[in-house]
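Q: All chains, please: the whole structure from these sequences, using the hints.
Its first residue numbered 71, the sequence shown is counted upward by one per residue in the numbering used here.
Think of the hints as simulated: they come from the structure by calculation, not from any bench.
One or more of the hints may lead you astray.
Label pairs and their in silico Cβ distance ranges [claimed, not checked]:
hint, residue 1, residue 2, range
1, Lys305, Arg93, 24 to 30 angstroms
2, Ser286, Arg188, 35 to 41 angstroms
3, Glu295, Arg234, 20 to 26 angstroms
From the three backbone atoms N, C-alpha and C, an ideal C-beta is built for every residue, glycine too.
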Amino acid sequence: MIHIRPATETDVATLFAIRTSVRQNHLSHEQLAELGITPASVAEAIRLGPCCWLAEADGVAAGFAMVDGTAGEVFALFVRPEYEGRGVGRLLLATAETSLFREHARIWLVTDGSDGIRANAFYQRQGWRKVASLDARDVRYEKQAGAVDRLLQDVRLVSETNFRLLCRVRELALAVAPDVHDEVKYGGVLFSRARPFGGVFAYAGHVTLELSQGASLDDPHGVLEGSGKQRRHIKLRTPDDVEARQVAYYLRSAAALAG
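A: Put into structure tokens, the structure is as follows:
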């Protein structure tokens, strides 16, 4: 299971270990220092505000993303080679995008545009558009807030707690499998594989996770509400409820039935 959490100053050495482990766009500690990227500068950025997230796969640091919130830029996104293809980068990028879209309608990043650099295809699959070649190597990508991003920000204007709940449930749903996608439908965020398997909806004072296969799901934790064909939803009122009510388990179970 992949878990995304804010990075802290104690994670700086881990961030540099990940950054220097990559095969493409590799830079050494010395090369990073020449660009002004040092443990001290990264620690200072983290100290100044939320700007960096660490992905852990079964407790192991697998990748990180870092943003410049003022500029609206995804500054860094790197995944250890042994964790590529597991959805780590997609989850990190989604977290970075959500953070930046709080303040910016259009966000951007710069990456190596050379032939064979896999990051280009990755960003394009996530809805980013190449808008400029900056030099012989680097290119600029941009992305405008999509329907899911706009819905999340609309919810945030009404309730910060519901916004955090929606973001956390979305993170867990996208982590279920690489083929999971989300969209705005029925006034909430719908999650699908081959078929829809769940959706999350914000109401006054709570968020509800609706599970498409709820009537067919085992309920070992006794949290599914409703009865018969309607036994398919979980109400969440605080961020702690996401873990306490075993949301990740029920999302995985519902997604398996829809795969």
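Q: Of the hints stated earlier, which fail here?
A: Hint 1 is the one this structure does not satisfy, whereas the remaining hints hold.
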